[in-house]
Structure formats: C-alpha cells, structure tokens
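Line by line, the protein sequences are chains A and B. Read in order, the letters of the first sequence are residues 1 to 504 in my numbering. Read in order, the letters of the second sequence are residues 1 to 504 in my numbering.
Keep in mind that the hints are not guaranteed to be accurate.
Unchecked claim - Just the calculated beta-carbon pair ranges, DEER-fashion: (1) B/D10 <-> A/E494: 56 to 64 Å; (2) B/K116 <-> A/D152: 47 to 55 Å; (3) B/K116 <-> A/I466: 22 to 30 Å; (4) A/E308 <-> B/T457: 56 to 64 Å; (5) B/S44 <-> A/K53: 41 to 49 Å; (6) B/E22 <-> A/L262: 40 to 48 Å; (7) A/D104 <-> B/R313: 28 to 36 Å; (8) B/I246 <-> A/E295: 49 to 57 Å; (9) B/F3 <-> A/E494: 57 to 65 Å; (10) B/A103 <-> A/D152: 34 to 42 Å; (11) B/E5 <-> A/D152: 35 to 43 Å; (12) B/E23 <-> A/Y286: 54 to 62 Å; (13) B/D10 <-> A/E308: 57 to 65 Å.
Derived by calculation from the structure, the hints in this document are not laboratory data. Treat the numbers as computed from the prediction; the structure is a model and nothing was measured. From the three backbone atoms N, C-alpha and C, an ideal C-beta is built for every residue, glycine too.
There are 2 protein chains.
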Amino acid sequence: MLFLEVKFLDLDLETNAVIINEEDIKGTAYYSQDRVLIESKTCSFIGTLQSTKTMIKPGEIGVSKYIKDIKLNEGEEVRVRHAQKPQSVSYMRKKMNGQTLTADEIHTIIDEIVSKKLTNVELSAFLVSTYIRGMNTDEIVAMTKRMAETGDTIQWEKRPVVDVHSIGGVPGNKYALLTIPIVAAAGMTIPKTSSRAITSAAGTADVLEVITNVNLSCEEIQRVAKTTGGCLAWGGAVNLAPADDIIINVERPLSIDPQPQLLASVMAKKIATGIDYTVIDIPVGYGVKIKNEKEGNQLARKFIELGELLGIRVECVLTYGGQPIGRAIGPALEIKEALMALHDPKSAPNSLIEKSVSLAGVLLELGGRAQIGQGQKVAWEILESGKALEKFNEIVVEQGGTITKPEEIELGEYTMDIHSPKDGYVTGISNKLITKLAKEAGCPKDKKAGIFLRVKTGNNVNKGDILYTIYSSSEERLDAAVNFARRTYPIKVEGMMLKRLSKF
Amino acid sequence: MLFLEVKFLDLDLETNAVIINEEDIKGTAYYSQDRVLIESKTCSFIGTLQSTKTMIKPGEIGVSKYIKDIKLNEGEEVRVRHAQKPQSVSYMRKKMNGQTLTADEIHTIIDEIVSKKLTNVELSAFLVSTYIRGMNTDEIVAMTKRMAETGDTIQWEKRPVVDVHSIGGVPGNKYALLTIPIVAAAGMTIPKTSSRAITSAAGTADVLEVITNVNLSCEEIQRVAKTTGGCLAWGGAVNLAPADDIIINVERPLSIDPQPQLLASVMAKKIATGIDYTVIDIPVGYGVKIKNEKEGNQLARKFIELGELLGIRVECVLTYGGQPIGRAIGPALEIKEALMALHDPKSAPNSLIEKSVSLAGVLLELGGRAQIGQGQKVAWEILESGKALEKFNEIVVEQGGTITKPEEIELGEYTMDIHSPKDGYVTGISNKLITKLAKEAGCPKDKKAGIFLRVKTGNNVNKGDILYTIYSSSEERLDAAVNFARRTYPIKVEGMMLKRLSKF
C-alpha cells in the first residue's frame with residue numbers, strides 16, 4: 001500500500017491515469033500501468049498508475065481535476081493499493097488452459113469489456129487465447145448475444161427487416177450504394193449501417209458523407225427506414241454492440257482477427273439492429289481476408305449455423321475480391337461512380353453493377369419480391385428503370401442531404417496520371433497497395449483524394465497508356481503518393497513473355 | 001495520416017505519450033494507445049497516442065517538453081501516422097499458430113522487449129502464446145542466453161562461483177541469511193542477489209536492508225564477494241537480464257507464469273552473474289507455486305537439463321513449503337530471527353535451521369568442502385562454531401552497514417496478540433493469508449511491521465493461547481490488520497472432532 005498526498009493536475013486522459021513519482025514505486029510491487037484503487041476517507045476510485053520523473057514530487061499523487069463524482073481535496077492523504085483483478089482474468093486463464101467457458105463466464109467477460117474494466121494486457125490475453133484455443137458454437141452464441149445485449153437495440157414494427165453485409169477487404173467496394181436503394185425500391189425494409197475506413201481508404205459511410213449526413217441516431221435510422229424503406233448510416237454513431245469496437249482496438253496492433261470474434265462481431269450488430277435476415281458478402285481472393293473458396297465455404301457455413309441459433313436467416317455469397325470493385329477508390333470518386341451507375345447503369349463498370357445487382361437479387365428472392373433464379377434480373381430492372389436512383393435520392397434527402405448529380409461532385413484539384421512503362425497486359429492490381437496509395441494521397445480524411453483506375457486486370461495496354469490517375473487536395477500529399485506509386489507499382493503490366501532465359 | 005500542430009506540455013510520462021483531441025481521431029484508423037510515428041521536417045520519433053477531451057484543442061498534438069534529442073518548435077506542423085509494427089509481432093503470430101521460433105526470431109523478441117519497443121498488448125500476446133503453446137528446449141536456451149546478453153554481466157577471476165536460489169512463495173523464507181555465510185565461511189565464493197518483495201511481505205533484500213546497504217553495483221558485488229566470499233545484494237539495483245523485469249510486469253496482472261519464462265528468468269540471471277553452479281530450492285506444498293512432488297520433479301528436471309545446455313551445473317532441492325519458514329514474517333522481525341539463529345542456532349526454529357543447513361550442505365558437497373552425505377553436518381558445525389555469524393558480520397560491514405545484535409533490532413511499536421478461539425490443534429497456516437496480513441500491517445515498506453508466529457502447524461493449543469502477534473509502526477494499519485485477521489483466520493485451530501453429525 002502507498003500513502004500519498006493528492007495533487008490536482010490539468011490532465012484529462014481517457015485511461016484515468018494517476019501519476020506518481022518513480023521514486024515512490026521503485027522496488028515496490030507497484031508498476032506503471034497497474035490498476036489501482038485510490039481511497040480517501042470519503043471516497044474511492046480506480047485508476048491506472050503512470051510514473052514520472054518530474055511532474056509529481058515523491059510522496060504525491062497526481063489526479064486529474066476532471067475526474068467525475070470524486071470528492072478529494074488537494075493535499076489530502078489517500079491510500080493506493082492494487083485494485084482487485086476483474087473476474088474475467090480467471091476465466092481467461094480457463095480459456096488459456098483449453099477449457100470451455102460457460103455462458104455466465106462469457107457474459108462476465110463481455111460486461112467487463114463494455115464497462116472498460118479490462119486493461120489492454122487483459123484484452124490482449126483474451127483475444128490471443130480465443131485465437132489459439134478457439135470457441136465452440138455455444139460459446140460463440142453466448143458471446144454474440146451478450147455483445148448485442150450490452151448496447152442499444154433497434155425495434156421494428158414492420159417485418160421482415162433485411163440487411164447486406166460485406167466482411168470487407170476490397171477497395172472501391174461501394175455496392176451498398178446501389179444494392180440498398182434497389183431493395184428498398186422493391187418495398188423491403190433495409191436499414192444498413194456501415195463502417196468508416198478502418199484499414200481501407202474509404203468506408204461506405206465516408207463515401208456517402210460527401211453528399212449527406214451519415215451520423216444518425218437509432219431514432220433517426222428508424223425514421224429514415226420507415227419513410228424510405230432504406231437507410232445508409234454510419235454504425236459508429238450508435239452504440240450497437242459496443243464491445244466490438246473495444247475488441248477491434250486490440251486486434252489491430254496484433255494483426256489477428258480470431259474467427260469467433262469475427263463471427264460474433266458481425267452477428268451481434270445484426271441482432272442489435274433487429275435484422276431478420278441478412279446476406280453476407282465474403283470476398284475471396286489474393287489480398288483479402290479469405291484466400292480461397294474452401295476457406296470461404298467454411299466461414300459461410302459457420303455464419304449460417306450461428307444465424308440459425310440466433311434466429312437470423314443468413315445467406316452467404318462468395319464474391320471475387322482479387323482486385324478493386326469498379327474503377328474509383330476514395331470518398332468523392334466513389335460517390336461519383338455510384339451516382340453515375342444509378343443514373344446510367346449500362347455504362348457503369350461491370351464489376352460494380354454485377355456485384356450490386358447479384359446481392360440485391362438474393363435479397364429480393366429471400367423477401368419474396370422475385371422468383372428464385374429471377375432476383376438478379378428483377379434487381380437490374382429496378383436499377384435500369386431509374387427507381388433505384390429515385391429511392392437513393394429519397395434516402396439522401398431523408399438523412400439531411402440534397403440531391404446531387406455526379407457532375408457536381410468535386411474531386412481533388414491536384415492530379416497526376418501514372419503511365420504504363422511498357423506494352424503488355426495488366427496481370428494484377430494489388431488491393432493492399434492501391435489502398436495504401438489512396439491513403440498516401442489523403443484518404444479518407446481528404447474526401448477529394450483517391451485513385452481512378454483506367455485499366456482493370458486482363459486489359460491490354462501500350463507503353464505510355466494511362467494506368468490510373470491520383471487525386472489529392474494537397475500538392476504535397478500528391479507528391480508523396482506519386483513517389484509511393486513509383487516505388488511500389490500497385491498495377492503490374494507484363495508482356496506475354498514473362499522471362500527470357502538464354503540457355504536451356 | 002494526421003496533420004497536427006505541436007503544443008508543448010509539462011508532461012513527463014514514461015510511455016512517451018503524445019496527446020491528441022478525441023475529435024481528431026473519431027472515425028479514423030487511429031486509437032488511443034496506438035504506436036505512432038511523429039514526423040516534422042527535421043526530425044521524427046515514436047510515441048503512444050492518448051486522447052483527451054480538454055487538454056489539447058482539435059488540430060493540435062501535445063508533446064512532452066522533456067522529450068529528448070527532438071528538435072520541434074511550438075506551432076510547427078507534424079505528420080502523425082502509424083509506426084511500423086515491430087518485427088516481433090509476426091514472430092508472435094508464428095508462436096500463436098503453434099510453430100517453433102528460430103534462435104534469431106527469439107533474439108529479436110528479447111531485443112525489442114529490452115529496447116521497450118513492444119506495447120503491453122504485444123507483450124501480453126507473447127506471454128499468453130508461450131503459456132499456451134510452450135517452448136521447446138532450443139527455444140528456451142536461445143531466450144535465456146539472449147536475456148543474459150542484453151544486460152550487464154559480471155566476470156570472476158576466482159572460480160568456481162556458486163549460488164543458491166529459491167523459486168519462492170513461502171513467507172519467512174530467510175534461509176539465505178544463514179546459508180550464504182555458512183558457504184562463504186567454508187571458503188567458497190557465493191555472491192547472492194535477491195529480490196525485494198514482489199508478491200511477498202519481505203524479500204531477502206528488504207530484510208537485510210534493515211541493517212546494511214543492499215543497493216550494490218556490479219563492481220561492488222565483485223568487491224564484496226572477493227573480500228568476504230559472500231554477498232547479499234538486491235538484484236534490482238543492477239541491470240542483469242533486464243527483459244525479465246519487463247516480462248514480470250505483464251505476468252503479474254494475468255496471474256500466469258509460463259514455465260519457459262520461469263526457467264529463462266532464473267537461468268539468465270545466473271549466466272549474467274557468472275555463476276558456475278547453483279542449487280535451486282523448489283518449495284512444494286499448498287499455497288506455493290508447486291503443488292506436489294510430481295510437479296516439483298518435472299520442474300527440477302527442466303532446470304537441470306537447461307543448466308547442462310547453458311554450462312551451469314544445477315542441483316535442485318524440493319523443500320517443504322506448506323507453512324512459513326521459522327516464526328518471523330516482515331523485514332525487521334526476519335532479520336532479528338536470522339541474527340538470533342546465527343548467534344544461537346540451537347534455540348532457533350527447526351524449519352529455518354534445517355532448510356538453511358541442508359541447502360548449504362548441498363553447496364559444500366558440490367564445492368568439495370564436504371564428503372558426499374556429510375554436507376549438512378559440516379554446514380551445521382560451521383553455523384554452531386560461530387564462523388557463520390562472523391562471516392555474516394563481515395559481509396554486513398563490507399556492504400556498508402554496522403554489526404548489529406538481535407536485541408538492537410527495533411520492531412513496530414503498535415502490537416496486537418491474536419488468541420486461539422478454542423482448544424485444539426493448529427491444522428494449517430495459510431501462506432497467502434499470512435502474507436496478506438503482514439502487508440495489511442505495512443510490509444514491506446514499513447520495515448518494522450510483520451507477524452510473529454507463536455505456534456506452527458501440528459501444535460496443541462488451549463483456548464486463549466496466543467497464536468501470533470501483529471506488529472506495525474502505525475496504529476491505523478495495525479487496526480486494519482487486526483480486522484483482516486478476524487475476518488480471514490490465517491491460522492486454523494480445530495479439535496479432533498471436526499464435525500458432529502446427529503444422525504447416521
């Protein structure tokens with residue numbers, strides 16, 4: 001136990017840090033990052049120790065003056081001791097030892113994650129042990145339900161409520177901007193929440209935000225979907241399955257995405273949003289999460305099984321994810337491409353149209369709006385008739401934006417064309433490098449930044465042809481992007497003769 | 001990437017925190033605790049993001065004004081982006097996936113731990129994966145060697161240099177204060193480094209510090225051992241195998257101690273201290289790390305095998321660890337008990353004498369100072385002759401202290417006797433509760449605090465007999481300890497009739 005005098009600091013860190021001189025903890029059982037209980041005569045709270053050489057004198061403890069509901073006086077003596085370990089820690093040890101967790105134990109872990117009782121060390125231990133040991137179906141069901149229960153939920157009067165969800169990884173994946181209005185135009189209810197860019201250059205929310213508001217509350221999502229049938233909101237503005245965001249925060253630095261968490265993360269949001277059935281898009285290919293059809297099938301089966309146990313009908317679609325969808329990557333470029341496709345689907349890129357219409361078709365069949373086998377055709381008719389555009393504009397206006405034409409979208413004023421260094425064929429477009437390039441140019445914060453692809457894989461090109469154009473709002477960032485492009489070659493052009501050997 | 005203006009803060013946190021307004025990272029790929037690279041036109045450094053609501057305005061980045069060797073100007077624009085993941089992260093993923101790591105990969109992990117390149121999330125992932133997947137002997141050898149190489153090392157002219165090490169867990173485990181002088185008095189070189197209390201009430205270093213200096217540098221350890229043959233220093237004042245301390249910092253909150261780390265931690269310090277052979281004490285019993293003889297044997301075999309591969313002769317001794325050693329727990333009480341045992345070994349507690357003399361005996365046999373089977377006898381003769389006391393005093397003086405008699409040791413002025421509530425037998429003394437009780441009374445910081453046991457397991461007691469006495473320098477803490485004792489019963493007294501059943 002340490003006895004220290006309170007000193008208030010103009011410090012406001014989310015970790016609830018309490019600052020202590022390193023002399024006071026040298027050779028004791030207390031270390032930086034420890035979770036400690038601070039007790040005065042009248043109150044107590046839990047903080048995280050941080051040590052300092054200079055900010056705080058030995059014998060004092062620095063406490064944020066912004067700390068809420070705590071009555072402390074400057075100079076008052078407080079006792080500092082280790083806070084009890086959260087219950088989760090012993091359940092994590094069970095998982096490390098290869099045991100199965102009960103539903104109650106999983107509930108405790110999720111509850112303590114949501115109430116921010118776990119440190120990063122503990123969250124990391126939880127993730128790594130589920131990554132290595134896995135979870136059985138009962139465990140995943142318990143985790144998914146609790147993740148949904150510990151956040152807000154949306155209730156619907158009119159049923160069924162449907163949804164489409166991509167597990168991501170492909171640049172330019174703007175299909176939802178077509179699929180949602182097509183499905184809503186057919187009279188179905190499809191309130192879609194999307195993410196912003198996490199590792200990508202632009203999430204659907206970033207793209208739509210160029211022309212309308214996407215920060216909707218649960219009530220606004222309900223109102224928009226009730227009025228228009230559709231909705232395209234940012235999932236981060238609502239508190240749906242909040243454990244997920246906290247978990248992702250630790251997955252990222254470790255570059256792991258344990259399958260139990262992936263499944264639970266998707267399905268918990270569906271439960272919270274009140275979805276009756278959903279189509280899950282699993283892109284397959286080099287440079288995305290799922291490398292081949294076999295892995296895709298396995299994941300699909302797990303989603304379907306989990307859906308059955310949770311009372312949500314799930315249909316999975318494996319889609320080609322080996323290169324970007326359409327030609328535009330970056331918020332403004334993508335909304336422009338989507339608007340052009342809604343206005344004139346016949347001249348839009350085939351990959352975008354085919355993906356949007358296929359996914360819409362599955363939903364129309366599931367919802368009885370099309371005969372089995374006819375969904376794609378019906379979806380195309382809705383798109384071609386202009387009804388999807390009309391519905392899209394309705395949603396945009398209902399969310400607080402104004403109807404915008406594709407030619408009204410402003411793109412970055414600094415641009416650079418990148419040319420083919422030789423005659424040949426486009427043998428590959430790297431999803432990862434195209435994403436990095438768009439981010440170098442300023443995506444997603446610079447909405448006008450991005451890449452417009454003039455070629456797709458398989459195209460024949462001549463030396464000097466434009467492969468793609470980089471856009472940015474900043475000359476400096478454009479330069480950085482061009483340098484990156486010249487170093488990394490995101491688009492590969494090769495002659496038919498790949499290598500010349502002088503001897504056999 | 002974020003573009004922000006530098007604002008200097010009077011902030012000095014060891015995590016190299018850079019503070020950013022939460023508005024600037026909302027909806028971006030940046031999160032609190034992220035490792036980021038901050039670049040200006042003239043310099044760059046790596047920091048850890050922390051978000052704030054009030055300390056920093058949107059568009060600004062708070063940087064510690066104590067940050068070293070960095071030339072930044074207030075108001076200058078810097079670019080902030082994710083720092084590259086350390087190489088270790090991909091090796092950790094290999095371990096998570098059950099693969100064996102190469103020596104080079106393990107070296108990189110240890111190097112990055114020592115150079116503080118890993119965050120707590122990453123350290124936790126490393127520990128949990130080695131806990132679950134284990135390490136083979138080659139991996140442990142590589143880890144142990146690198147842990148030793150990445151810190152200071154001590155070289156010796158006169159060989160062999162011996163050592164005794166307890167893996168800990170038993171309260172009152174002050175044997176080294178007798179064993180070291182016995183062995184040194186026999187002409188051997190035994191420079192012992194000890195820990196302070198980590199989870200215990202008093203480490204050997206805390207105990208000896210009551211009468212002499214224990215914060216010795218490598219040079220001082222060499223000098224004291226050269227002059228006297230022995231040495232009793234705090235291991236934390238020297239930079240021996242520093243990776244160990246960083247790893248322990250993450251093991252503690254998870255309450256795990258993966259065996260590879262336990263083995264490497266002990267043996268790396270032996271290599272760094274230049275030890276030729278060591279006796280490892282493995283306490284076995286309820287309430288310590290090793291629960292039974294089988295587990296003890298397994299661990300012993302691993303220590304011996306690892307020693308062979310590292311060129312250190314290891315002998316292991318399983319000792320009884322089911323209750324405290326001797327009767328005193330707490331720094332001043334323990335040094336007093338050790339001094340009394342050195343002065344008058346015949347009237348000292350049997351458990352302390354037997355353990356100290358047995359361990360010394362093994363070392364004397366290994367060093368050729370006693371025939372095989374005669375070590376314990378020779379050790380006892382050295383202790384009884386007063387030569388061990390003489391040597392102990394020599395070491396105390398050489399380390400900078402003065403010769404102290406047991407009656408000169410001051411104990412806490414506030415004391416309370418705890419009495420037996422009934423007639424019966426002492427059926428158990430809980431190691432964990434006795435340790436907690438001593439800490440409630442103020443150990444290890446309050447050197448005069450502690451517990452003196454009047455009874456040991458198996459003793460016959462009458463109602464009202466004193467079971468133990470609690471000491472403290474603070475009346476308030478004594479009260480807290482007495483309350484704790486009355487709630488938890490660290491010593492159990494039971495009649496022969498454990499339970500009375502009224503019906504068969």
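### Task
List, from low to high, the hint numbers that the structure doesn't satisfy.
Going through the list in order, the structure violates hints 2, 3, 5, 6, 7, 8, 9, 10, 12 and respects the others.
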